[in-house]
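J.: As they're listed, the protein sequences go chains A and B.
First residue of the first sequence: 1, per the working numbering; consecutive thereafter.
First residue of the second sequence: 1, per the working numbering; consecutive thereafter.
It should be emphasised that the hints constitute simulated quantities derived from the structure, not laboratory data.
There could be a bad hint or two in this list.
What the hints assert, rightly or not - Within a straight-line C-alpha distance of at most 30 Å, the following computed DSS-like cross-link-like pairs (lysine-lysine) qualify: (1) B:LYS311 x B:LYS191; (2) A:LYS198 x B:LYS330; (3) B:LYS387 x A:LYS198; (4) A:LYS198 x B:LYS299; (5) B:LYS480 x A:LYS112; (6) B:LYS120 x B:LYS157; (7) B:LYS164 x B:LYS189; (8) A:LYS198 x B:LYS279; (9) B:LYS329 x A:LYS112; (10) A:LYS198 x B:LYS374; (11) B:LYS94 x A:LYS112; (12) B:LYS127 x B:LYS72; (13) B:LYS325 x A:LYS198; (14) B:LYS228 x B:LYS191; (15) A:LYS198 x B:LYS9; (16) B:LYS111 x B:LYS94; (17) B:LYS94 x A:LYS198; (18) A:LYS112 x B:LYS325; (19) B:LYS340 x B:LYS330; (20) B:LYS9 x B:LYS387; (21) A:LYS44 x A:LYS148; (22) A:LYS198 x B:LYS311.
As the list claims (entries may be wrong) - Have a look at the derived ranges for each label pair, beta carbon to beta carbon: (23) A:ARG307 x B:LEU106: 37 to 43 Å; (24) A:ASN203 x B:LYS269: 28 to 34 Å; (25) B:LYS72 x A:VAL100: 53 to 59 Å; (26) A:LYS112 x B:GLU181: 44 to 50 Å; (27) A:VAL100 x B:ILE362: 28 to 34 Å; (28) B:GLY104 x A:ASN203: 36 to 42 Å.
To be verified - Computed footprint of chain B on chain A, listed as stretches where at least three residues anywhere in the stretch have a Cβ under 8 Å from a Cβ of chain B: (29) 170-184; (30) 200-212.
Keep in mind the model is a prediction, meaning the values are calculated, not measured.
Using N, Cα and C, we set each Cβ at its ideal position, and we do this for glycine too.
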Amino acid sequence: MGKSIIKNLFKKQAVLMVFIFLFIIFAFFVPSFFSARNLINILKQSAILGIVACGLTFPVIAGNVDLSVGSIVSLCGVVALSLSYQSIWLAIFIPIVLAVIIGLINGFIVTKFNANSVIITLGSLAVIRGLALIYTGGKMVEGSDASKFILIGRSLIGGVPAYIFIFIIIAVILGIVLNFTTLGRFVYHIGSNIEAGKIAGINIDNIRIYTFIISAVASALAAIILSSRLYTASPLTGNGYEFDAVAAIVVGGSSLFGGKGNIYRTVIGIFFIVMVINAMILLNLPVAFQYIAKAVIIVVAVWLDIRTSRVII
Amino acid sequence: MSEKILEAKNIIKDFPGTRALDDVDFDLLRGEVHSVIGENGAGKSTLMKIICGDFIKTSGQIIIEGKETEIKNPTDSLNLGIRMIYQELENLQKLSVAENIFLGKLPKQKKLPFILNSKKLSNDSLKILNELNLDIKPREKLSNLSVGAQQLVEVAKALSANLKILIMDEPTSSLNQKETEQLFKIIEKLKNQGISIIYISHRLKEVIDVSDRISILRDGRKVGTYEKKDFKEDEIIKLMIGKSLKTAGKQNYSSDEVVMSIKDLNINKKIYNFSMELKKGEILGISGLAGSGKEELMKSFFGLWPSRSEKILVYGQAVNLKNPKNALKKGIVYLPEERKLQSLFLELPIRYNFSVLWIHRIYRKFFIAAKNEKNIIAEYIEKLRVKASNAEYMVSSLSGGNQQKVIISRLLMISPNIIILNDPTRGVDIGSKEEIHNIISGLAKSGASIIFSSSEIPEVCNVSNRVLVLSRGRLISEFKDSDVNVDNIITAATKADVKR
Numbered sequence: 001m002g003k004s005i006i007k008n009l010f011k012k013q014a015v016l017m018v019f020i021f022l023f024i025i026f027a028f029f030v031p032s033f034f035s036a037r038n039l040i041n042i043l044k045q046s047a048i049l050g051i052v053a054c055g056l057t058f059p060v061i062a063g064n065v066d067l068s069v070g071s072i073v074s075l076c077g078v079v080a081l082s083l084s085y086q087s088i089w090l091a092i093f094i095p096i097v098l099a100v101i102i103g104l105i106n107g108f109i110v111t112k113f114n115a116n117s118v119i120i121t122l123g124s125l126a127v128i129r130g131l132a133l134i135y136t137g138g139k140m141v142e143g144s145d146a147s148k149f150i151l152i153g154r155s156l157i158g159g160v161p162a163y164i165f166i167f168i169i170i171a172v173i174l175g176i177v178l179n180f181t182t183l184g185r186f187v188y189h190i191g192s193n194i195e196a197g198k199i200a201g202i203n204i205d206n207i208r209i210y211t212f213i214i215s216a217v218a219s220a221l222a223a224i225i226l227s228s229r230l231y232t233a234s235p236l237t238g239n240g241y242e243f244d245a246v247a248a249i250v251v252g253g254s255s256l257f258g259g260k261g262n263i264y265r266t267v268i269g270i271f272f273i274v275m276v277i278n279a280m281i282l283l284n285l286p287v288a289f290q291y292i293a294k295a296v297i298i299v300v301a302v303w304l305d306i307r308t309s310r311v312i313i
Numbered sequence: 001m002s003e004k005i006l007e008a009k010n011i012i013k014d015f016p017g018t019r020a021l022d023d024v025d026f027d028l029l030r031g032e033v034h035s036v037i038g039e040n041g042a043g044k045s046t047l048m049k050i051i052c053g054d055f056i057k058t059s060g061q062i063i064i065e066g067k068e069t070e071i072k073n074p075t076d077s078l079n080l081g082i083r084m085i086y087q088e089l090e091n092l093q094k095l096s097v098a099e100n101i102f103l104g105k106l107p108k109q110k111k112l113p114f115i116l117n118s119k120k121l122s123n124d125s126l127k128i129l130n131e132l133n134l135d136i137k138p139r140e141k142l143s144n145l146s147v148g149a150q151q152l153v154e155v156a157k158a159l160s161a162n163l164k165i166l167i168m169d170e171p172t173s174s175l176n177q178k179e180t181e182q183l184f185k186i187i188e189k190l191k192n193q194g195i196s197i198i199y200i201s202h203r204l205k206e207v208i209d210v211s212d213r214i215s216i217l218r219d220g221r222k223v224g225t226y227e228k229k230d231f232k233e234d235e236i237i238k239l240m241i242g243k244s245l246k247t248a249g250k251q252n253y254s255s256d257e258v259v260m261s262i263k264d265l266n267i268n269k270k271i272y273n274f275s276m277e278l279k280k281g282e283i284l285g286i287s288g289l290a291g292s293g294k295e296e297l298m299k300s301f302f303g304l305w306p307s308r309s310e311k312i313l314v315y316g317q318a319v320n321l322k323n324p325k326n327a328l329k330k331g332i333v334y335l336p337e338e339r340k341l342q343s344l345f346l347e348l349p350i351r352y353n354f355s356v357l358w359i360h361r362i363y364r365k366f367f368i369a370a371k372n373e374k375n376i377i378a379e380y381i382e383k384l385r386v387k388a389s390n391a392e393y394m395v396s397s398l399s400g401g402n403q404q405k406v407i408i409s410r411l412l413m414i415s416p417n418i419i420i421l422n423d424p425t426r427g428v429d430i431g432s433k434e435e436i437h438n439i440i441s442g443l444a445k446s447g448a449s450i451i452f453s454s455s456e457i458p459e460v461c462n463v464s465n466r467v468l469v470l471s472r473g474r475l476i477s478e479f480k481d482s483d484v485n486v487d488n489i490i491t492a493a494t495k496a497d498v499k500r
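This is chain A alone, in the form it adopts within the complex (with noise of 0.2 Å):
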């Protein structure tokens, strides 16, 4: 029985097993990986895309998905950034009240057409980014050098940057709502079965419109970080986080078909993924590479996903 007990184990914690088997391997062979510098690298990099695909956990787990976050990093950063000048309080509030009306539309437009996510969000990521053109008239934008905004991004605690402790208190907070309050158990039971869902009562339409506000207010909330980290903002940046997070998700262990999942499993996802290109690029492979292990690793995660869920014993 003891034997079972450490097989299950390692059957449902699969991702984390691989990932610190891995670590020791990166730590072991790859040159400079493990350093406090390194790491913190991996860190920062795993901090934006994390609230991104933290706040995409939502939707992911009610059985949706919301393409669009990339294109509401991109506008809310070049939002942000060109409020600076005016104050910081604006340069975050602003755009916070953006990603929600565009979580709100995103989220009505599906519920109430009873339409496929996938295209509605696809579609809001073409318009969200066009936006964005047009706001910054193809150009760049840089922040205020008189604002305090740059704060957010570029302040130390303890030498190691402000905004990770951020994201690890987004990630909690969202571990809280999925796993402790009423919407976030709603959430598992729209993912898991709909029609059981209506007959209990839930109010299918609304909980998914939450769902989409909190994936599309976390991908304003990175973009705040990331433009005030980086100080220049384009309609271009974030190009592409849609996939990285949607990744990160499958990888960590959630289901895209809905009803498993939790912010735990994505905040691994994330890791994992950015620990591998990180050492790819200390081990100086290709550009190409990088891509394809992306890709590997997807295919083998979502492989995994089905062959656990059709349980032979």
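Please arrange chain B on chain A, whose structure you already have, making use of the hints.
T.: Below, chain B alone, put in the same frame as chain A:
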């Protein structure tokens, strides 16, 4: 003397923490119907899954036609000529009957290798359907058929050139009287063709009618096998549950107070001018043959089927039952007939499946306090005797009867006034069935009002104080107390049917 087509010897199956089958022997003769009965958790499904290749036995031998074989996966089992028809329908609703029957073996055009030969598909399906005497059109979309007809299509699907052993798991759970007779005729035919059938059902009378032999499993062991000439119902029940069945004396707890009244409810083309009054503490049965509109009526009480009424009053207040949320607000709960599709959240923990109504109807706070939730779940696990060792496991790990108890607990947790039960004991073993009946009786005693429907007319009679009989969308008879019996109901339903 028939030869043994299947022999399972000393079968043991272990799961982490439990032994599901303990040294079970089972054999099957060619052309016989051998039923396997037992309570939920007795091991019937496990044994069948081993024969079908869904599970791998921990130890033991399987001998097919005299040769010892290992069945390692479903393909092995299919190649040996073993096919299984499941209790809960898994066929594809959007495809046609013909496409379902030939799933995976669609006939291709002779000259064009990748193109479907739809004419042949249609003709071949028609041949099979005719052979089984089923009046179903091959091109009909599966979702347009009644649940019972879909089940018969499942049977058609299982027939193929190589069929030697057919396993039927609760085949009549969705069938009405007529469809059950059709099924039995099909079974006769199959027997004559030398096909053996393993029949699993909780309906003891049916099992006695159709079987040549009956084997009884209890707690993972085989406790007896009977030949047809030795069938004795009470002995068999005693072996199944380890004690004799007490027949519950039916009490009538109805008062005069009317909790719900419906005036002239109409469902487009299904129900015409239906009116009724539900009294407090009453168990009201709704009965009707196929096509009577009973299913749609039951659903409309909970807002799951569009209807128009002149007036619906709940506790004297006018209400509009247009969706489940509205109904829940009024203290009405509903138990659907297909729990896998309509009640269970299969991948979610047992805990989530218990508390989904409670958290937003009783608890109502944004943050869910784990302790409160655990407490109320523990309370109901005890009250309804749900066999769930750990509430964090997925609910799919529970047996059918226990899953049903979880759903019933879910409803009772919010202290409902009006409880609509649509076939609550479908696919549930005799022991749990009795427990559920007692629960229903207890609920009526405590003042709740129950609307009850079942696919088994005898059950409706056993449970209800009053029965409304529907035929072709109209309420044609009402029976109370001692007039509630099978003869009256069937006579009323069929007489009205004929009188057209």
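J.: Each hint should be assessed against the structure and marked as holding or not.
T.: To see whether the hints hold, each was checked on the structure:
The straight-line distance between the Cα atoms of LYS311 of chain B and LYS191 of chain B is roughly 54 Å, outside the 30 Å bound, and the hint therefore fails. For the suggested pair LYS198 of chain A and LYS330 of chain B, the alpha carbons sit about 16 Å apart, so the restraint of at most 30 Å is met. Distance restraint check for LYS387 of chain B and LYS198 of chain A: the Cα-Cα separation of roughly 27 Å lies within the 30 Å cut-off, and the hinted pair is therefore satisfied. A hinted pair counts as satisfied when its Cα atoms are at most 30 Å apart, and LYS198 of chain A with LYS299 of chain B qualifies at roughly 13 Å.
For the hint linking LYS480 of chain B to LYS112 of chain A, the alpha-carbon distance of about 46 Å lies beyond 30 Å, and the restraint is violated. Only pairs whose Cα atoms come within 30 Å are accepted, and LYS120 of chain B paired with LYS157 of chain B is accepted, the gap being roughly 16 Å. Pair hint LYS164 of chain B plus LYS189 of chain B holds up; C-alpha atoms about 13 Å apart against a cutoff of 30 Å. Simply put, LYS198 of chain A and LYS279 of chain B have alpha-carbon atoms about 28 Å apart, close enough for the 30 Å limit, and the pair holds.
A threshold of 30 Å between alpha carbons decides the hint, and for LYS329 of chain B with LYS112 of chain A the separation of about 23 Å falls inside it, so the pair holds. Annotation: proposed proximity of LYS198 of chain A to LYS374 of chain B holds, straight-line Cα distance about 24 Å (limit 30 Å). At most 30 Å may separate the alpha-carbon atoms for a hinted pair to count; LYS94 of chain B and LYS112 of chain A meet this at roughly 23 Å. Proposed proximity of LYS127 of chain B and LYS72 of chain B is contradicted: the alpha carbons are some 33 Å apart, above 30 Å.
A C-alpha spacing of about 8 Å is found between LYS325 of chain B and LYS198 of chain A, which places the hinted pair at or below 30 Å, so the restraint holds. For the suggested pair LYS228 of chain B and LYS191 of chain B, the alpha carbons sit about 15 Å apart, so the restraint of at most 30 Å is met. This hinted pair does not check out: LYS198 of chain A and LYS9 of chain B have alpha carbons roughly 47 Å apart, beyond 30 Å. Restraint check: the Cα-Cα separation between LYS111 of chain B and LYS94 of chain B comes to about 28 Å, which is no more than 30 Å; the hinted pair holds.
Between LYS94 of chain B and LYS198 of chain A, the direct Cα distance comes to roughly 21 Å. Compliance with the 30 Å bound is thereby established for this hinted pair. For the suggested pair LYS112 of chain A and LYS325 of chain B, the alpha carbons sit about 18 Å apart, so the restraint of at most 30 Å is met. A hinted pair counts as satisfied when its Cα atoms are at most 30 Å apart, and LYS340 of chain B with LYS330 of chain B qualifies at roughly 26 Å. Taken as a hint, the LYS9 of chain B and LYS387 of chain B pair is honoured in the structure, with Cα atoms around 29 Å apart against an allowance of 30 Å.
The straight-line distance between the Cα atoms of LYS44 of chain A and LYS148 of chain A is roughly 21 Å, inside the 30 Å bound, and the hint therefore holds. Between LYS198 of chain A and LYS311 of chain B the alpha-carbon distance is near 24 Å, which keeps this suggested pair within the 30 Å criterion. Here the CB-CB span from ARG307 of chain A to LEU106 of chain B is close to 27 Å, at odds with the stated 37 to 43 Å. Checked against the hint of 28 to 34 Å, the C-beta distance between ASN203 of chain A and LYS269 of chain B comes to roughly 30 Å, which is consistent with it.
Restraint check, LYS72 of chain B to VAL100 of chain A: a C-beta distance of roughly 54 Å satisfies the suggested window 53 to 59 Å. Roughly 47 Å separates the CB atoms of LYS112 of chain A and GLU181 of chain B, a value that falls within the hinted 44 to 50 Å. Taking the beta carbon of each, VAL100 of chain A and ILE362 of chain B are about 31 Å apart, inside 28 to 34 Å as hinted. Taken as a hint, the range 36 to 42 Å holds for the pair GLY104 of chain B and ASN203 of chain A, whose Cβ atoms sit roughly 40 Å apart.
Residues of the segment 170-184 of chain A lying with their CB closer than 8 Å to a CB of chain B number 4, which satisfies the three-residue condition for coverage. Coverage of a stretch by a chain is defined here by at least three residues with a beta carbon nearer than 8 Å to that chain's beta carbons; for the segment 200-212 of chain A and chain B the count is 4, and the condition holds.
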